[in-house]
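Visitor: Sequence:
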Amino acid sequence: MGLLLSVFLPLSLAFIMFSLGLGLTVADFARVIAQPKAFFAGAVSQVIVLPIIAFALLHLFDLPPALAVGVMILAFSPGGVTSNIITKLAGGAVALSVTLTAIVSLLSVVTVPFLVAFSANYFMGQEAPDINVTALAISMFAITAVPVAIGVALRHFAPAPMIAAEPFVAKVAAVLFVIIVIGALAANWGLFVENIVILGPLLILLNIILLLVGLSIGRFLNLGRGEAIAIAIETGVQNSTLGITVGSLIAEAATGLPPFSLPSGVYGITMYLVALPFVFWMRRGMSAAR
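Residue 5 is where the sequence shown starts when you use my numbering, and the numbers rise one by one after that.
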């Protein structure tokens, strides 16, 4: 298990982030300037609204402090490759989704360490682990920002072979994601069974609220249907792999994946119980509009 925490988990996340970068072009980042209204609406919804809603819900559910911190870690995490795929299936603006995922992922290197330290102190008090914000930021930069940058660079300087390799890389990333989630649950199965009654409803309710809030923000600002869908999914579907990894980084002495990572591991499964019906709802609306 020590090998899983120290080697396989961070390397897997780095590869998943590399697969995200491989699907990006410099033009994707330029959309921030070309479509500022849609981008900033999605960024505010994801970076500010999402954690506030998660924080409020935690006061309605009686979670152990460590699990509450784990939920906040998930809430601070950006979207991932999964959110881009779900956006495409739902008929959303994929370019906006990809841009939000990339920019917010890079921003999380700065925001997540400070917010995680605050959450740990708030929910755990004197029992909070000693979080080295600088070390956590450096670790996140190494396993998120650097792989994304490498992927973007390779796509830019060698487009033909990288475009050809992208489907294979995406499949490997999907397999690694499944392995990480299964490993997280297997390592903490007793804790999972003990807390599923309160973790499951909270995570599902959080997922539903966030999708609806994101969709409402897009419609309130009179954005296009595709843009509203992208914002909803980027707000409601988080990078559970990053949540699991951050949880393990702040509890390096743990012999197994710590409780901090458990909500993200459970969320890696429960999010599909909400996201897939949302996809069908959006696609049904598209059919009705025709």
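If you're looking for bench data, these hints aren't it; they were derived computationally from the structure. Quantities reported herein were computed from a predicted structural model and do not represent experimental measurements. Please note that a few of the clues may not be correct.
To be verified - Label-pair distances were calculated between CB atoms; the ranges are:
hint, residue 1, residue 2, range
1, F12, Y276, 21 to 31 Å
2, Q130, K92, 18 to 28 Å
3, D66, A162, 13 to 23 Å
4, D134, V201, 30 to 40 Å
Glycine included, each C-beta is placed from N, C-alpha and C at the ideal position.
Visitor: State for each hint whether it applies.
Guide: Structure-based check of all given hints:
For F12 and Y276, the hinted distance range of 21 to 31 Å is satisfied, since their beta carbons lie about 23 Å from each other. Distance hint check: the CB atoms of Q130 and K92 are about 46 Å apart, inconsistent with the given range 18 to 28 Å. Evaluation of the 13 to 23 Å hint for D66 and A162 yields a failure: the beta carbon distance comes to about 53 Å. A beta carbon spacing of about 31 Å between D134 and V201 agrees with the range 30 to 40 Å that was offered as a hint.
Checked against the numbered hints given earlier, this structure breaks hints 2 and 3; the rest are met.
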